[in-house]
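**Q** Here's the letter readout for the chains.
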Amino acid sequence: MSAIITWLIDRFRERVIPKDVEDFNRKVAIAEWVWMLLYGLPAPFTKVSAYATQSHDQVSTESLSGVFVRLLYEQFSETPMPSFVRLLYEQFSETPMPSFVLIFTESW
Amino acid sequence: MNMGTGDWDLNRCELEWSRYVDPPSCLKILTNGSAIAKASVVPPSRVIEGMVDFWLYGASGVSYTNALDALFRWQDGNNFYAGQLFGSLDAFTTLRFIRYVNGSIQWFANLSINWGYGVWHRCRIAWWNDPSGLIMRAWKIVNETPSLIGTVTDTANLWNTTGGRVGFRNPSPNYNIWVDLIRIYGV
Numbered sequence: 036m037s038a039i040i041t042w043l044i045d046r047f048r049e050r051v052i053p054k055d056v057e058d059f060n061r062k063v064a065i066a067e068w069v070w071m072l073l074y075g076l077p078a079p080f081t082k083v084s085a086y087a088t089q090s091h092d093q094v095s096t097e098s099l100s101g102v103f104v105r106l107l108y109e110q111f112s113e114t115p116m117p118s119f120v121r122l123l124y125e126q127f128s129e130t131p132m133p134s135f136v137l138i139f140t141e142s143w
Numbered sequence: 479m480n481m482g483t484g485d486w487d488l489n490r491c492e493l494e495w496s497r498y499v500d501p502p503s504c505l506k507i508l509t510n511g512s513a514i515a516k517a518s519v520v521p522p523s524r525v526i527e528g529m530v531d532f533w534l535y536g537a538s539g540v541s542y543t544n545a546l547d548a549l550f551r552w553q554d555g556n557n558f559y560a561g562q563l564f565g566s567l568d569a570f571t572t573l574r575f576i577r578y579v580n581g582s583i584q585w586f587a588n589l590s591i592n593w594g595y596g597v598w599h600r601c602r603i604a605w606w607n608d609p610s611g612l613i614m615r616a617w618k619i620v621n622e623t624p625s626l627i628g629t630v631t632d633t634a635n636l637w638n639t640t641g642g643r644v645g646f647r648n649p650s651p652n653y654n655i656w657v658d659l660i661r662i663y664g665v
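Just so you know, the protein sequences line up as chains P and A, in that order.
Numbering-wise (the numbering used here), the first sequence opens with residue 36 and increments by one.
Numbering-wise (the numbering used here), the second sequence opens with residue 479 and increments by one.
It is possible that some hints are incorrect.
[To be verified] Beta-carbon label-pair distances, calculated as ranges:
id : chain 1 : residue 1 : chain 2 : residue 2 : range
1  : A       : S496      : P       : T140      : 16 to 24 Å
2  : A       : P502      : P       : L137      : 21 to 29 Å
3  : P       : L137      : A       : D608      : 17 to 25 Å
4  : A       : S610      : P       : T140      : 27 to 35 Å
5  : A       : T543      : P       : L137      : 28 to 36 Å
6  : A       : S625      : P       : T140      : 20 to 28 Å
7  : A       : R497      : P       : T140      : 17 to 25 Å
8  : A       : T640      : P       : L137      : 20 to 28 Å
9  : P       : L137      : A       : V620      : 14 to 22 Å
10 : P       : T140      : A       : S566      : 30 to 38 Å
11 : A       : N607      : P       : T140      : 20 to 28 Å
12 : P       : L137      : A       : D487      : 19 to 27 Å
13 : A       : L567      : P       : T140      : 32 to 40 Å
It is worth saying that the hints were derived from the structure and are not from the lab.
Bear in mind that the values here come from a model prediction, so they are computed numbers and not experimental data.
All C-beta atoms, glycine included, are put in the ideal place defined by N, C-alpha and C.
Input sequences plus hints: build the corresponding full structure.
**A** Set out below in structure tokens:
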């Protein structure tokens with residue numbers, strides 16, 4: 036997980052745009068809240084959120100929230116999650132597929 | 479070992495004892511056959527968004543013009559989505575998503591693959607609702623590592639609140655196909 040966070044931070048360092056930090060943090064806050072409801076534990080991605088608030092000197096042509104979602108989809112899309120929150124679960128959690136649940140196996 | 483073949487609606491299927499990924503057998507889907515998970519075991523409402531992971535085997539020397547439809551959001555034989563595999567004389571060459579509505583087919587982009595016959599291949603197909611429509615994505619998995627084949631989007635996104643059944647169909651009138659180790663995921 037730490038490797039993923041480091042990788043994301045490096046990408047944010049390249050591409051963060053200040054005006055979207057607030058929107059990004061709002062989404063992270065929502066994800067953290069849902070995470071708490073499900074797991075009863077603090078969400079593990081506060082570090083990324085904290086970094087984003089300190090990145091005002093970075094410039095990019097893309098919005099931070101757009102970059103964030105796109106990065107997760109394109110770079111971490113090996114296990115698809117159908118929403119922003121589910122993507123966060125999948126990529127930041129060490130619990131496999133907390134929302135894509137195996138419901139049936141058949142080995143014949 | 480789950481031998482729950484009663485958990486499927488099977489049509490023209492046999493257990494194949496001489497070929498499998500996981501012993502003692504695999505499922506041989508005969509020409510025009512199908513295997514669709516029972517709605518009571520895999521409720522459609524649980525796979526409105528879902529993923530199916532399976533192993534596939536094509537016989538050497540067969541030119542699979544139509545090999546296998548991995549079915550999802552299946553309502554009936556005329557209304558469903560599928561990831562459709564077909565190939566040439568030597569290998570599965572194409573995976574494309576299709577949609578049937580009242581028997582009329584809609585093809586989406588062809589995704590190139592090159593999976594030789596005579597060996598097992600593991601494939602994963604997922605579908606989920608997105609503001610842009612139904613996203614359908616396919617991977618090949620080797621040594622537990624998925625590699626993306628491609629993604630298509632259907633803006634119509636049919637049955638997006640009700641879901642549908644999951645299963646497999648052999649659309650070929652001429653050739654059999656084999657599957658094993660099927661895993662069905664839901665959101």
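**Q** Evaluate each hint against the coordinates.
**A** Structure-based check of all given hints:
1. Look at A:S496 against P:T140: about 22 Å separates their beta carbons, and that is inside 16 to 24 Å.
2. Roughly 22 Å separates the CB atoms of A:P502 and P:L137, a value that falls within the hinted 21 to 29 Å.
3. Our hint of 17 to 25 Å for P:L137 and A:D608 holds, since their Cβ atoms are close to 22 Å apart.
4. For the pair A:S610 and P:T140, the supplied restraint of 27 to 35 Å holds, since their beta-carbon distance comes to about 31 Å.
5. Judged by the Cβ atoms, the range 28 to 36 Å given for A:T543 and P:L137 holds: they are separated by roughly 33 Å.
6. For the pair A:S625 and P:T140, the beta carbons lie near 23 Å from each other, so the given range of 20 to 28 Å is met.
7. Distance hint for A:R497 and P:T140: a CB-CB separation of about 19 Å, consistent with the stated range 17 to 25 Å.
8. For A:T640 and P:L137, the Cβ-Cβ distance of about 22 Å falls inside the hinted range of 20 to 28 Å, so the restraint holds.
9. At about 20 Å, the CB distance of P:L137 to A:V620 agrees with the hint of 14 to 22 Å.
10. For P:T140 and A:S566, the hinted distance range of 30 to 38 Å is satisfied, since their beta carbons lie about 32 Å from each other.
11. Taken as a hint, the range 20 to 28 Å holds for the pair A:N607 and P:T140, whose Cβ atoms sit roughly 24 Å apart.
12. A hinted range of 19 to 27 Å for the beta carbons of P:L137 and A:D487 is consistent with their spacing of about 21 Å.
13. For the hinted restraint 32 to 40 Å between A:L567 and P:T140, the CB-CB distance of approximately 33 Å keeps it satisfied.
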